[in-house]
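Top to bottom, those sequences are chains A and B.
Each residue of the first sequence is one higher than the last, beginning at 195 in our numbering.
Each residue of the second sequence is one higher than the last, beginning at 6 in our numbering.
Bear in mind the hints are in silico, worked out from the structure with no lab data behind them.
One or more of the hints may lead you astray.
[To be verified] Quick list of in silico lysine-lysine cross-link-like pairs, BS3-like style, CA-CA up to 30 Å:
1. A/227 x B/52
2. A/228 x B/52
3. A/228 x A/322
4. B/92 x A/326
5. B/52 x A/306
6. A/223 x B/52
7. A/222 x B/52
8. B/7 x A/326
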Amino acid sequence: MFESLLHHYNYWMFIGLMMIGFYAMMAKKNLIKKIIGMNIFQSAIILFFISTSVKGGGVTVPILEHPEGAQGGFVDVMKYANPLPHVLMLTAIVVMVATLGVALAVVMMIYKRYHTLEEDEIALIRRKQGLKC
Amino acid sequence: MKTLSLISTIIAGAFLIYGSMDMPHWGDPYSPASTHVSPYYLRNSLKDTATPNVVTSVLADYRGYDTLGETTVIFTAGMGCLLLLKKRRKK
Numbered sequence: 195m196f197e198s199l200l201h202h203y204n205y206w207m208f209i210g211l212m213m214i215g216f217y218a219m220m221a222k223k224n225l226i227k228k229i230i231g232m233n234i235f236q237s238a239i240i241l242f243f244i245s246t247s248v249k250g251g252g253v254t255v256p257i258l259e260h261p262e263g264a265q266g267g268f269v270d271v272m273k274y275a276n277p278l279p280h281v282l283m284l285t286a287i288v289v290m291v292a293t294l295g296v297a298l299a300v301v302m303m304i305y306k307r308y309h310t311l312e313e314d315e316i317a318l319i320r321r322k323q324g325l326k327c
Numbered sequence: 006m007k008t009l010s011l012i013s014t015i016i017a018g019a020f021l022i023y024g025s026m027d028m029p030h031w032g033d034p035y036s037p038a039s040t041h042v043s044p045y046y047l048r049n050s051l052k053d054t055a056t057p058n059v060v061t062s063v064l065a066d067y068r069g070y071d072t073l074g075e076t077t078v079i080f081t082a083g084m085g086c087l088l089l090l091k092k093r094r095k096k
C-alpha cells in the first residue's frame with residue numbers, strides 16, 4: 195500500500211483535482227462557477243499528461259543541447275523528457291481556450307436574455323413564460 | 006442534488022484511483038509512453054528538421070496535420086463566438 199502511494203501519488207493528486215472540477219460542474223448553480231470547474235478539470239488532465247513525460251531525476255526539457263556537436267551524432271534519449279505529451283497538451287490547451295471562449299459567449303447571451311446566471315432562477319423565469327426548462 | 010453529485014464524484018474518483026494502480030510508476034524512463042515513438046523523435050529531430058527544440062519539430066513537422074486540425078478548432082470557435090455575440094437585427 196505504501197509502495198503504491200510512493201509510486202502513484204502524482205496520479206492521485208490529479209484525480210483529486212479532476213474530481214474537484216467534476217463536482218463543481220455538477221453541483222454548482224452558477225454558470226460561471228460551472229465554467230471554472232470545467233477549466234479545473236481540463237487543467238488536471240493536462241497536468242496528468244505532462245507528469246507522464248517525466249523520466250526520473252536529471253532530465254531536462256526536450257531541447258537538444260549543443261546542436262552543432264550532435265549533428266549526425268548520438269542523442270542520449272534518457273537525458274531529455276518525453277516530448278510527445280508536451281506536444282499533445284499544447285493542442286489540448288488550444289482546445290481548452292476555444293471551449294472557454296464559446297462557453298463565455300453562450301453565458302453572456304444567457305445573461306442578456308434572463309439578467310441572471312443562477313440556473314434555478316433561469317428555470318423559474320422559463321416556467322413563468324410557459325416554456326420547457 | 007448536492008449529495009447525489011458528491012456520491013457520484015466519490016464513486017468516479019474511486020474508480021480512477023483503482024485504475025491508476027496499473028499505471029507505470031512516476032518517472033519510470035521505460036514506461037510505454039516514453040519508449041514507443043518518442044525516442045525516434047529525440048534521435049532524428051535534428052537530422053530531419055534541423056530544429057533543436059523537439060517539441061517544435063513534432064508539432065509543426067511530424068504531426069503537422071494535428072496542428073492543421075487545431076487551427077480548424079480555433080476557426081470554428083472564433084466563428085461561433087462571432088455568430089453568438091454579433092448584434093441581432095430587430096424583427
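Evaluated hints:
1. A/227 x B/52: Not OK: residue 227 of chain A and residue 52 of chain B at ~48 Å, beyond 30 Å, violated.
2. A/228 x B/52: Cα-Cα ~47 Å, so violated.
3. A/228 x A/322: 25 Å, holds
4. B/92 x A/326: 26 Å, holds
5. B/52 x A/306: Given that 30 Å is the threshold and the Cα spacing comes to 56 Å, the pair is violated.
6. A/223 x B/52: Violated, at roughly 54 Å.
7. A/222 x B/52: 52 Å, violated
8. B/7 x A/326: 23 Å, holds
In summary, the structure is inconsistent with hints 1, 2, 5, 6, 7 from the numbered list given earlier, while agreeing with the others.
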